[in-house]
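S.K.: If you're matching them up, the sequences are chains A and B in order. Counting in our numbering, the first sequence runs from 1 upward without gaps. Counting in our numbering, the second sequence runs from 1 upward without gaps.
It is worth saying that the hints were derived from the structure and are not from the lab. If a hint is listed, it holds; no wrong ones were tucked in.
Restraint-style ranges between C-beta atoms, simulated for each label pair:
no., chain 1, residue 1, chain 2, residue 2, range
1, A, Arg107, B, Glu116, 37 to 45 angstroms
2, A, Val135, B, Leu154, 28 to 36 angstroms
3, B, Leu343, A, Glu199, 22 to 30 angstroms
4, B, Gln221, A, Leu99, 38 to 46 angstroms
5, A, Leu109, B, Arg213, 49 to 57 angstroms
6, A, Leu99, B, Leu154, 29 to 37 angstroms
7, B, Ala63, A, Arg229, 40 to 48 angstroms
8, A, Arg158, B, Ala63, 58 to 66 angstroms
9, B, Gln148, A, Pro47, 23 to 31 angstroms
10, B, His104, A, Gln213, 37 to 45 angstroms
Yeah, the Cβ is synthetic: ideal placement off N, Cα and C, and Gly gets one too.
Here's the letter readout for the chains.
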Amino acid sequence: MKGMLVFPWVLLTLALAQSPLEKLQEALDRLRGPAHQGVYELRVERPGLVRTYRLKVYTDGKRVHVRVLEPRSEAGQAFLSLGEDLYLYDPRLGRTLRLPPAGRGERFLGSDLTYQDLMGRDLEELFQVGEVQGVLVLTPKPGAPTPYGKVEMYLKDRLVERILYYDQRNLAVRELKLSAYQRSDGAFLPREMELRDVEKPGYRTLLRIAEVQVGPVPERCFNPLYLERGC
Amino acid sequence: MSLLRLAWRNVLRQRRRTALLSLVVVYVSVAVLFLFGFLDGYGESLVEAYGQYVEAPVVVAQALWWEDRDPEHGLRVMPSLTYPLIQAMSPRLSLYALLRSPYHVQGGVVLGVKPEEEKALSRVPSKVKEGRWLSGPGEVVLGYRLAQRLDVRLGERLVVETGQGALGLEVVGLVQAGVGNVDFAGVYVHLEDARRLSGREILATHLALKVPRGQEARVAQKLNENLPQGFLAKDVWELMGPIRADYEGSRLFYLPLLALFMLLAAVAVVSTVYVSVRERLREFAIVESLGLAPIHVAAQVALEAALAAALGLMAGLLLGYALLWYTSTHDVFGPLMRLSVELLPEAGLSEHLYTALRPIYALYASLVVVLSALLALLFPGRLVLRLDPSHYLRGE
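With the rest of the complex left out, here is chain A (with noise of 0.2 angstroms):
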């Protein structure tokens, strides 16, 4: 009789139970959080070296527009990410240039993050996912493109909380931290972000949510021919 009542409890647990790759959708799906607009503030930081940004940021969850506001000098530099298409409007240029699909490993702004790690699905569509006491260990697909050899992607209440990528000779080289995360719309919105480079002391992106206003973003701010004049 009591085999009886533990049975169905298995099967339930099983059948709620998430394969790895759908707690990796998951929590990528997460990660993008709901549509805003906010200012971030992006802090790169290089032995006896900082540099501080402001950025004004419009998302809808899959996509993203961002316009420097300061400092002064790289104001009015802005980029815009629709999916595989990459647009970069440089003031000095006067020009809005489209980006190769290899643009999207660059730096943002000199910083350690990647156009790559502020918005795509990299991680889901170049590694296969394993799961290893807890941890998300993904292993590169045959043949993918990417220069990593494993990346472990630690979970916290199923959002984001560590991410560690290694080199293909299994030490690890990058570091992204995911904090504070604030709860909107059903969404979940990292607040605090932080990119270390393993390799080399001293190198570290911080990029903090400074305001955030939760709500529908103007379709023209993901127009490439706003990108010069800001919507």
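The hints should help you fit chain B onto chain A, whose structure is shown.
M.R.: Relative to the frame of chain A, chain B by itself:
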């Protein structure tokens, strides 16, 4: 003949003076031989590097591709080429790409090749230092210095990205060719992978042809006469790019310099002969009074200068050819060239340089003898021609 004997006796009469002026000619002869040998050796080294490693002896592509090396202007149909001197032929696809390892990102030119055909065409496949040459898609072979820069090792994955696609390729071989472009920038992938990376419906960007050494320009010219419209064949010299200008500039710089050296050597010889002639004006007056025509006396002076220069030339040729033989068989300039390759890694320079050794250099060097004789005829010779024998015979 008696003039020659007389001139020879006079040359030997002032042995120390003759030795000193010959020394100048020795120096200049050695310099002429060495500089010609060095310049020709440098040229041959460039042709070797570009013909066998960096490019090919002859390359055929669309004229548009020559102007703008975008795969967009690649070959959608292979032109059929037939010419008896073509020894091997293979399509290649070159495209700009971003190379990404976990530590570094670097731009470069990726060359898609057919692995087996490439062996008949280029020496790169035989210069694999570690691992092996390409055998199929999904693989990449890198220059060993590029691999060091990117910090990738054999068996690891290298990401190759272009505006049209990205591939994670396994590093299967590292090449050490001793040619800057190959070791510092060589990225070789299978032609199929290069086609995927190009994202376009092209078969290749160009056709590489192997032809006998020295026949490159002729074959390119013959092909251009029969190629379909819009195609253009270029020989190895045309493929060299800026380094060719550097080489031709060096020749333009050194040849006038050598001519100046030779002129100065001839002037040195002639000035010594001039002094000698002035000292012997009375002797020449007696000779003329005995019936020798002034022009013959002037010829004797010219012969004296020529003989003194010829003595120096002989010694210079011996020394110069010995030096050339040594530097053409021993890699004396290796350290210098390795430094140059470090400084200009993508200039197509080879880490080894052997001088050329050609008989024609003796002819170039012997111009100093001719020049000395001519100048001797012009200056001390004229002194003899204007000589008034009666003036000297009277003892004035």
